[in-house]
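Enquirer: So the sequence lines, in the order shown, correspond to chains A and B.
Under this note's numbering, the letters of the first sequence match residues 1245 to 1546, in that order.
Under this note's numbering, the letters of the second sequence match residues 458 to 753, in that order.
Each hint should be verified, as a subset may be incorrect.
[Unchecked claim] Taking lysine to aspartate or glutamate pairs in the DMTMM-like style, the calculated list, with each CA pair at most 25 Å apart, reads:
hint: 1; chain 1: A; residue 1: K1452; chain 2: A; residue 2: D1545
hint: 2; chain 1: B; residue 1: K461; chain 2: B; residue 2: D712
hint: 3; chain 1: B; residue 1: K465; chain 2: B; residue 2: D712
hint: 4; chain 1: A; residue 1: K1543; chain 2: B; residue 2: D568
hint: 5; chain 1: A; residue 1: K1452; chain 2: B; residue 2: E567
hint: 6; chain 1: A; residue 1: K1452; chain 2: A; residue 2: D1283
hint: 7; chain 1: A; residue 1: K1395; chain 2: A; residue 2: D1485
hint: 8; chain 1: B; residue 1: K465; chain 2: B; residue 2: D716
hint: 9; chain 1: A; residue 1: K1452; chain 2: A; residue 2: E1438
hint: 10; chain 1: B; residue 1: K461; chain 2: B; residue 2: D714
hint: 11; chain 1: B; residue 1: K461; chain 2: A; residue 2: D1485
hint: 12; chain 1: A; residue 1: K1359; chain 2: A; residue 2: E1256
hint: 13; chain 1: B; residue 1: K461; chain 2: A; residue 2: D1445
hint: 14; chain 1: A; residue 1: K1359; chain 2: A; residue 2: D1544
hint: 15; chain 1: A; residue 1: K1452; chain 2: B; residue 2: D568
Worth flagging that the hints you see were computed from the coordinates, not collected in a lab.
Only a predicted model underlies this, so the values are computations on that prediction, with no experimental measurement involved.
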Amino acid sequence: MARSGAGYVIEELDPADPRATDEMTRVINAAFGSAVEWDHVRAMADSQSLVAPTLYLGARCGGELVGLTLFISHDLLYNGEIVSAFQVSTACTVAAHQNRRVFFSICERAKELLKARGADLLFTFPLVTRPIFLGPLGFRDGGGYVKLNIKAVPGLFHRCFRPVRDDEALLLEDVYCQNDRQLVRLRQQVSGREIVVFAADGNVVWGKVARRTVAGLPVRLFSVGGLVVNYPHRLRRFIADLIRAHHVQVVQVVAHQSAPILTLFRGWRAAPAVDALAVFDLNRRTALGDRFNFMIGLKDDY
Amino acid sequence: MIVKNALKRAYYALVRAELPPGARLTLGYIVHTEAVWDADTFTRLLGFCRAYRALTGVGAICALMTGVNPLVRQGMARHGVDGAEYRDRVGRLAEEARLGYHGHFWFRREDVGRPEAAIMWNNYLRTAVEEQFAADLEWFAASGVSHHGIYVGGWWFVNRDVHRLLITRGFIADYSCSKSPWFQNQYYHRLMLDHTIRCGEPFRVAAGDRSLLCIQNLIGCHQTPFPQDFVRNLTALMDPAYREMVGVVNAHDFDLDSDHTLACLEYLAGTGRVTFADADGLVREGGARALREVPA
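Model the full assembly from the supplied sequences, consistent with the hints where possible.
Expert: Below you can see the structure in the form of structure tokens.
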């Protein structure tokens, strides 16, 4: 436990303790006006990291839990090693205690705890709270996302792929990669069979099929959560096979602007509606030019 | 397929597929042996190995997934094959072919069947490979089965760490590299580009004062009724300046097309420009021609 300057006690909460989970569920629902059950919260937070569990950190006032933030444990991959990274998620404070630096106090305590436990970094995709992260919390702006809609239309489809030359190789060296093995399981915990995995010829994609309306017409869209490209010269055929297998008209790829897989496609556009990355170094030093092969499936709200 | 074959028949009636002038090939055969827990696959594989020896005068290589590999364990469980029976089949296979090691790795053993957890060069966790590699080698030792220092990567996966593991454990030859886009891995692809390694050119990768001989997997073999396809596909990969090639062709045990493969090999033998080599012959010839040594 730690006492924040404003009299709040910051406390690590045990997700196996029914009293704690009741309290956490109450705070989440009070703050967001929702009606979620604990099972849902646990499903989106229990990442089954090989290194460290998710951290549940709360703020108490007079013994009552009034604020909560989850720090979801991710085993990012960097040159074959795990980078222990925690995603700041589900930050909530009950109305009566908002604007009292509860969230700030929780995050500062999380930094201390996780650094002491050997974690490498924190990351998040803040929208409303972005000024807090980049300001007093000291996170670094990690850059925004870009988007590409690959349409299953003759003439348009092929234009989305950059021809891979015979003298090119795609090796993700010195790149922070999301852990698709971990993410598929994590997302399936929440979304079940909605999350599909498609693999062929050494390439793997996972995501979910969504129904949209475009110009008044119903369209099936495959939202790519993650894409593992081991055979770049087979990518176009692979995506074509994906389209056929899942009867979709569009494959939407949303990736971090530094992702090396962007080089395989053409026609990327900025995705300002996708919250940008923010990073805080704990035991690892990241730098401005670092590359993140992150896709939309890494975001906790995917 | 019928139309395609008819077109090919017509094409090859007009265009003779030949190895380019001066091209000579020292050729071996490697089977990625993954499914001998299936009795039918095992029987077919034994039959192929005998027929291969009868045709070529030399033995094939069967690079084996071990009895502790999680995919093999799954197959064994499904087919009611226990560890002793698996070892017995491996022992019988060793009488017909030279055994080697074929590694398939996942992030965790329980991940088998999950493609997002299959370890390849762009989806990689070093500790998982090291653990499973160690377990596999322990199985070879405990089972009294020799891998003869021969390795070929499952899903063609090899990287610098795997090379160092192989070199440290005294492996002699790796057959995971290829200039064919169908068998390429990005690590070897870049390594061969960086060092201008040509199709069929053996080379060595070194770590410290030891090295590993790398012999290319040329192309797959062979699942069409047209041996000319083999010649055409190989010719397309060849470098005009490098004509005396050493390499292997491959299949999995479970998709081995024995009839077409043997017909193709017989066709190649008839050209007078192909010498078939067993594992020792490949190492001898490959070692003699491996003029380049690159760091792992």
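Enquirer: Look at each hint and say if it fits the structure.
Expert: Results of checking the hints against the structure:
1. A:K1452 x A:D1545: Distance ~13 Å between K1452 of chain A and D1545 of chain A Cα, so the pair holds.
2. B:K461 x B:D712: holds, 21 Å
3. B:K465 x B:D712: The given pair, whose Cα atoms are some 23 Å apart, holds under the 25 Å limit.
4. A:K1543 x B:D568: Roughly 23 Å separates the two Cα atoms, so the pair holds.
5. A:K1452 x B:E567: holds, 24 Å
6. A:K1452 x A:D1283: Holds: K1452 of chain A and D1283 of chain A sit about 21 Å apart, inside 25 Å.
7. A:K1395 x A:D1485: holds, 13 Å
8. B:K465 x B:D716: Holds. K465 of chain B to D716 of chain B sits at ~19 Å (cutoff 25 Å).
9. A:K1452 x A:E1438: This hinted pair holds, its Cα atoms lying about 6 Å apart.
10. B:K461 x B:D714: OK: K461 of chain B and D714 of chain B at ~19 Å, within 25 Å.
11. B:K461 x A:D1485: Cα-Cα ~21 Å, so holds.
12. A:K1359 x A:E1256: Judged against 25 Å, a Cα distance of about 15 Å means the pair holds.
13. B:K461 x A:D1445: Given that 25 Å is the threshold and the Cα spacing comes to 22 Å, the pair holds.
14. A:K1359 x A:D1544: holds, 22 Å
15. A:K1452 x B:D568: Holds: K1452 of chain A and D568 of chain B sit about 21 Å apart, inside 25 Å.
Violated hints: none; the structure is consistent with every hint.
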